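My request is simple: use the sequences and hints to build the entire structure.
Same order as they appear, the protein sequences are chains A and B.
Under this note's numbering, the first residue of the first sequence is numbered 1, with each subsequent residue one higher.
Under this note's numbering, the first residue of the second sequence is numbered 1, with each subsequent residue one higher.
If you're looking for bench data, these hints aren't it; they were derived computationally from the structure.
Where hints are given, some of them may not hold.
What follows is a set of in silico ranges between Cβ atoms, one per label pair, in the way DEER data are often shown [what the hints assert, rightly or not]: (1) A:S74 / B:L112: 39 to 45 Å; (2) A:Y64 / B:V88: 20 to 26 Å; (3) A:S42 / B:M19: 22 to 28 Å; (4) B:E59 / A:S31: 18 to 24 Å; (5) A:S80 / B:Q22: 38 to 44 Å.
Just so we're clear, the structure is a prediction, and the values are computed from it rather than from any experiment.
C-beta: ideal position from N, C-alpha, C; glycine also.
What follows is the residue order along each chain.
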Amino acid sequence: AQKITQTQPGMFVQEKEAVTLDCTYDTSDPSYGLFWYKQPSSGEMIFLIYQGSYDQQNATEGRYSLNFQKARKSANLVISASQLGDSAMYFCPAAVGDYKLSFGAGTTVTVRA
Amino acid sequence: NAGVTQTPKFQVLKTGQSMTLQCAQDMNHEYMSWYRQDPGMGLRLIHYSVGAGITDQGEVPNGYNVSRSTTEDFPLRLLSAAPSQTSVYFCASSYRGQETQYFGPGTRLLVL
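Written out as structure tokens, the structure is:
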């Protein structure tokens, strides 16, 4: 399994502010996919955004954008204009060469009103 | 389109009992997998399948069996439940290997 590191166990952010969640991965394979999922307290896993290793541009989906720095092996998630509903656990799994996702420990985000 | 469905939502077992967790998808996805999530941790891969009739082990396969007789269904069997198998189990599917995996709602399992 690939090693995924999320160094921020928990973060607080003020409503309407932006927050950046860090994620680094460890692979020497040139072909891989990077994902971000959100897990609210209700427990379901919600897909947010995807970045392929050969994609030339950083992925964006609405208020979510992925800051992909290939040389540094990092794929940080930026959430702009935070909302109370963004309070959740966030995971950044990677799929390297095949179907298997490797997960890190996640980052808990709490949005304050 | 129901997506990925899992049953039951919650189950309590006694040590040594067996049971099957059901997973179905209606998106004609080739790839299906099972993960477990323990408190405060990310998900770990148990077993996966790249198509009907083909399964393989993931990171934590011991104590679990799977089969894939149809594209739609991918059940997970606990042969003899142990307290260490207390966890939340997620099923996921995707069209191809590195494409987005869509998760079911999860099954919360408690083994006493």
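Outcome of the hint check:
With their beta carbons about 43 Å apart, A:S74 and B:L112 fall inside the hinted range of 39 to 45 Å. A beta carbon spacing of about 24 Å between A:Y64 and B:V88 agrees with the range 20 to 26 Å that was offered as a hint. Between A:S42 and B:M19 the CB atoms are about 24 Å apart, so this pair conforms to the stated range of 22 to 28 Å. Between B:E59 and A:S31 the Cβ separation comes to about 20 Å, which falls inside the hinted range of 18 to 24 Å.
Checked against the hint of 38 to 44 Å, the pair A:S80 and B:Q22 passes, with Cβ atoms roughly 39 Å apart.
Violation of the numbered hints given earlier is absent; every hint is satisfied by the structure.
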